[in-house]
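Just so you know, the protein sequences line up as chains U and Y, in that order. According to our numbering, the first sequence holds residues 1 to 87 in order. According to our numbering, the second sequence holds residues 1001 to 1274 in order.
Calculated from the structure, these hints are not laboratory results. Errors might be hidden in some of the hints.
Stated by the list, open to error - With a Cα cut of at most 30 Å, we get these calculated DSS-like pairs of lysine-lysine: (1) Y:K1068 / U:K79; (2) U:K79 / Y:K1072; (3) U:K3 / U:K29.
To be verified - Per label pair, the in silico range of CB-to-CB distance: (4) Y:T1258 / U:K29: 52 to 58 Å; (5) Y:M1217 / U:K49: 21 to 27 Å; (6) U:H39 / Y:E1023: 29 to 35 Å; (7) U:E11 / Y:M1239: 54 to 60 Å; (8) U:T42 / Y:R1222: 53 to 59 Å.
If you're wondering where the values come from, they're calculated on a predicted model, not measured in any experiment. Backbone N, C-alpha and C define an ideal beta-carbon position, used for all residues, glycine too.
Each chain is listed here by its residues.
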Amino acid sequence: MAKTITVGSLESSDCMITLKEGTGNVHIKSVVAAAFYDHIETLVRRVLKTHEVRNVDLTLEDRGALDYAIEARLIAAIKRYKGDANG
Amino acid sequence: MARSFLFIPGNVPRMLQNMDVFEADAVIIDFEDSVSVSEKEDARLLTERFLSNHEVSVDVYIRINADKALMKADLNAIDSLPIAGIVLPKASPETLNVFEFLNENKPCHVIALIETPIAFFKFEEMATHACIKGFFLGGVDLMHALGGTLCSQSLLYPRSKLLMAARAHNLYAIDTPWTSTDEAALTRDAKEAAALGFDAKAAIHPNQVHPINQAFMPSQTRIEEAKRIVAMHEKNGSMRFSLDGQMIDKPVIEHAKTLLKKVRTYQSGGENDV
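So here's chain U without its partners, still in its complex pose (with noise of 0.2 Å):
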């Protein structure tokens, strides 16, 4: 079965991103889309790249997440999907 991580929550100033195996494709749904869906498609882009994570398709639904947030709940969906979150 294909392994599927969820991080993050719908709360605001915070985001829900997950991962599953796929082929690279990004989703965002963002209460801020009309005026940062590009910056926040590039962020998670690069993050994706930095880490080196391929084959996955990433959903993240965004309730106004600052850069730091974003950031930090893909690298810990990163590290869990990886399977080396550290409790």
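Following the hints, put chain Y in place on chain U, whose structure we already have.
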């Protein structure tokens, strides 16, 4: 010189990024009790990413986990962060020794959370540790261990003993958080802690910060009295004189100076000396 230490869960972005609007003199980002095991790494990453990319105007402490494996991961995650210190839960001489292995080039400030009965018999060993900066009473866990309930009467002995140990070694003394949402009860409790001599009290909700700050702020009457004592001392150069029928000597003068220093600090928004 902080009056209020506000706990903020390390895994909640809206609390992290608003930490300096709650008017607490210091915040404690929590990796321990308020963060579930599955969210520990998220808390570390959120805190590391936030503090690495944002300047804050409040002193930041981090409460790490007591569990050895989690503690090691916590310390690795916060090693390079601009924090004022670490709050060590379930503090003991043994757990304090962990800090001897940290980077010697970086000052290490540890506030020991005293929340087990055995810790009350280890103050001397802990107080002389190079990293120790203060003692912090963890009343909830302590009462759980004692089988008691958190109230003024049950806290009197732990508070007194902790305060005595802190003062004997010139360390900071922080009082336990108050768990009720009753603001009047919190105010009474905070005033009791301030009257005993505690420097500060912990808050577990932003709404508790203002009552705590008020309780630890000396009254206008005490401020005016201290100003008159210091003014008369500076005018006469005397260490012993009479004021309004009261004998004033060196301890009273020193107390008045300390009180005025605290007031200046509180009014200026705090400084980095705890």
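Which of the numbered hints above does this structure break? Of the numbered hints given earlier, the structure breaks just one, which is hint 5.
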